[in-house]
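Novice: These are the residues of each chain, in order.
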Amino acid sequence: MTGGGSGIGRDIALGLNDASATVVAVDGPLESREETGRAFVAGGRADAVVHALVDPDALVSAEVADTDEDSWDRRCEAVLRTALRCCQAAFDAFGDWGGRIVLVTPTVGLTGSAGLAPYATAIEGMRSLAKSAARQWGDRGITVNCVAPRIDGSSDVRTEVAPVIATLLADSARIVTGATLVVDGGLVMAP
Amino acid sequence: MKDVLAGRSVVVTGAGDGVGKGIALACGAAGAHVVVAARRENGAKTVAAIEKRGGTAMWVRCDVTDRGNVEAAVATTIARTGRLDVMIHNATSRRSSEPVRLEDVDDALWEEHASVSLRGAYYCAHAALPALRDGGGSFILMTSPAGMEGSATLPVYGVVKGALRGLAKSLAREWAPFGVTVNTVSPLAHTRALEDAYEQDPELEERLARRIPMGRVGDPEVDIGPAVVFLASEGAGYITGQTLVVDGGRFMTL
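First to last, the protein sequences are chains W and C. My numbering puts the first sequence at residues 1 to 191. My numbering puts the second sequence at residues 1 to 254.
Quick caveat, the hints were computed from the structure, so don't treat them as lab data. Being a predicted model, the structure only gives us computed values, none of them experimental. Please note: incorrect hints may appear among the correct ones.
Unchecked claim - Pair ranges (Cβ atoms, derived):
id, chain 1, residue 1, chain 2, residue 2, range
1, C, 108, W, 140, 22 to 28 Å
2, C, 79, W, 24, 54 to 60 Å
3, C, 199, W, 185, 48 to 54 Å
4, C, 134, W, 70, 27 to 33 Å
5, C, 194, W, 24, 43 to 49 Å
6, W, 63, C, 82, 24 to 30 Å
7, W, 167, C, 251, 36 to 42 Å
8, C, 134, W, 43, 56 to 62 Å
9, C, 136, W, 69, 35 to 41 Å
As the list claims (entries may be wrong) - Far from chain C, by Cβ distances over 10 Å, these chain W residues were calculated:
id, residue
10, 67
11, 97
12, 114
13, 124
14, 153
Even for Gly, the Cβ is constructed at its ideal location relative to N, Cα and C.
Chain W extracted, bound-state conformation (with noise of 0.2 Å):
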């Protein structure tokens, strides 16, 4: 998984050690496809790849008319390509049987939000991503969805977040794809 050593992430690789997978930390910028996806196999093989990793600049807030070019990319199109490599670097370490992708996408996308409408714009972006990852590699085995948890800490990830990704991980779990599973207490309700 990206983004295990620290914050959201790292409460998502306790917990799914508490499901007893054998979690492999990814840390630290995914500079290259080529780079993520030998991170990915360090451990020998990858049978998922849990995309948490929530770069803290992306979390800034402020208004779009506040914000410049820079501060675009950084919050937005940085964060799409990162997860777009991720993606790539996911189906490059799979192996025959196929694998399963689970995208952290806290509900800032799905609600929009003022101050972080680079971030939500870069959410929603991976939520369609998913979608599309799913119907075109779900013919390998490859099954791809997307989590939502709120951003704002009011939730324990390790109990009640990483239970619910261990479970798209699990094979029973093996027609679950495209989806988006809200994990925030029902304060969203996406149609």
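Could you slot chain C onto chain W? The hints should help.
Specialist: Only chain C this time, still in chain W's reference frame:
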């Protein structure tokens, strides 16, 4: 819909052809002063078509990936008409309809899509806001079925179109205090790209039509344009942050 945009000044990006042209024609028919922002000379043809029907329009050469071009289009609009009420970002990459596997997407293809759809939208938002907030205007972003439900053939197009829905919802919140509405429209319509696809696969149109409850693919001017005109009109002033799906009922899962 006649005259619902009378006295309003509307910019449409990518209005030289396809859905953008249909939107521009519909806005012209609704009485707007239409600024056709297009990279190529076909922008002038859209203007001619609007004028032929008694409407008012002008072509501004505009590549939305160039911030200066977008700012100039807004400035020219205000210089000519004294106002800007509606900004519609419809332009998409020239590689929009090029099928690709996600594992084969390279930096160049990503940049094509991101620069036109995402950065272009950011430039449009940034350039238009000062004028929009003067008059309680509206900002409309064109999304796509691929942005709603993903696409097996156009995954990158789907990513950027889905992303625009996140932008619209967030800008709707940021700009509501100024009385500016922000919405997206997801059209299913005949375009040059679709016509090309029909030529490759003559049965495609019929297959597509079978999956549309209304039984046909929409027309940019007759079916899509009026929906956009409505969102751009004063009567839609309490609608914001929404996606209006204009597709003959194909997608009802919202």
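Novice: Against each hint, give a clear statement of whether it holds in the structure.
Specialist: Results of checking the hints against the structure:
no.	hint	verdict
1	108/C - 140/W: 22 to 28 Å	holds, 25 Å
2	79/C - 24/W: 54 to 60 Å	holds, 58 Å
3	199/C - 185/W: 48 to 54 Å	holds, 52 Å
4	134/C - 70/W: 27 to 33 Å	holds, 28 Å
5	194/C - 24/W: 43 to 49 Å	holds, 44 Å
6	63/W - 82/C: 24 to 30 Å	holds, 26 Å
7	167/W - 251/C: 36 to 42 Å	violated, 27 Å
8	134/C - 43/W: 56 to 62 Å	holds, 58 Å
9	136/C - 69/W: 35 to 41 Å	violated, 27 Å
10	67	violated, 8 Å
11	97	holds, 17 Å
12	114	violated, 4 Å
13	124	violated, 3 Å
14	153	holds, 20 Å
The structure is inconsistent with the numbered hints 7, 9, 10, 12, 13, although it conforms to all the rest.
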